[in-house]
Amino acid sequence: MKVNSRKLIMIGLVLIGIAVIGNLVMYAIGVSPFNGVKINEERSVSAEGVSRIDVFSNAGDVRVVSGGDEITVKMTGRTERMHKGEYHLSVSEQGGRVVIEAARDLKRKLISIYPDDYDLLVEIPDRLYEQLGISTEIANISAERVRAQHISMQAVHGDIKTAGLAGRIGARTDTGDIRLGVQAITDDIQAESLLGDIKLVTEEKPEKLALEMKTLIGERKVELPGTAIVESDPGVPTVQLSAEAGDIAVSAGR
Amino acid sequence: MTKAEYLAELEKRLGDLSADERAELLADYEAHFEHGRASGRSDEEIAERLGPPQLVAREIQYQLSVDEARANPTVRRIARAVFAGVGLGLMNVLMLLIPFAIGMLLLAGLFVLAAYLTVSPVLMLVQDGWSVEFLLKLPLAAGLLGLGLIFWVAAVKGITLFVKWMLAILQSNVEKVKEKLK
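As given, the protein sequences belong to chains G and A, one line each in that order. Residues 1 to 254 (the numbering used here) make up the first sequence, in order. Residues 1001 to 1182 (the numbering used here) make up the second sequence, in order.
Here chain G stands alone, though its shape is the one from the complex (with noise of 0.2 Å):
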């Protein structure tokens, strides 16, 4: 039976009229999948005596900045109503160590409304600390005007980015690129991407640094001109940058 293509489009239209208007009353009700629910979790702790941070993140970016007093954590995001007991935040203390996990469980979803991911923003009170991590699965990782003796940062699948780090810093990721922004070279720095370019640019140029640049598919690029690019030395700086398939480069700026 050879269905009239008319009659399907008229049908269509009707459907869509029905969704339309059955939507909007259900939304000024407050009872649509359109009323979706905000997810605004927030904790705070005291950064007293803290020394090391481990953040957590399964599907949600994270940013870590510095600034204020505390160590204030905000996990934002919208989503369904019924979904919103998927999303989770802790946050505990012990012993000068901060551990922040944020997770979503991770269900199959075969049709949804919203995008289903969240934001997580670190916010740690400017100074030096022992060790910062910050490790995610399927999220990007940014960090601003941090510093630590060592700071990691590892991201399964997604985009690691720094602005104004200081410290010895060590990035991973398996795809995602890397754009590590530092304030100067003067500790290790360590970038690997399996699939992904690296990009590392300092604002103070180092007057003597051992480079080491990997890729196999990929152009490598170095731009310090006045920098003495030395063999592997104690007292000097090294920065290794490694990319199966992506590109690499290191260049002095902001």
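Any given hint could be a false lead.
What the hints assert, rightly or not - Examples of chain A residues toward chain G, derived with CB under 8 Å:
(1) S1120
(2) L1123
(3) Q1127
(4) L1136
(5) K1137
(6) P1139
(7) L1140
(8) L1145
(9) I1150
No lab work stands behind these hints: they were computed from the structure. The model shown is predicted, which means the values in this text are computed figures rather than measured ones. The C-beta atom is built at its ideal place from N, Cα and C for all residues, glycine as well.
Using the hints provided, position chain A relative to the given structure of chain G.
What follows is chain A alone, placed relative to chain G:
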């Protein structure tokens, strides 16, 4: 290459055609040789002017496949004509294969989208189960189904437009091949 060798090679390359079609074409090319000989040219010169029998056979098969597609326009016949044409050289790859591939991808995308929207109410039921949330999503499901039906009609109409478009491209391309074969 002598006339006999040329015609034998051409006959071999046109093995897919019916006996009548093959006989008619070979008679045409025999006439080309006779005409050339009457003008004082050697078989080698005539063969060189006509072009390699492999290429001539491909051009003939391309022309016939386009005629077939015009007589009975379906995506399958269009595809056959495109791939027959692609064998003629790089220019034809650009002129035929690229628009064909783009058109097929767009159509496939349209059908996939239509199918996804049409089954979206079922997907919602599988995802949310028989719950209050699912019942509250029923108007939305109706809208997605309606959109799916409209996209389905658009995809089917798209096939007709795609076939017309490709036929126009094939026709203009085959005119150039016919000129060359004359």
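Going down the list of hints, with the structure as the test:
no.	hint	in the structure
1	S1120	holds, 5 Å
2	L1123	holds, 4 Å
3	Q1127	holds, 5 Å
4	L1136	holds, 6 Å
5	K1137	holds, 5 Å
6	P1139	holds, 3 Å
7	L1140	holds, 6 Å
8	L1145	holds, 6 Å
9	I1150	holds, 4 Å
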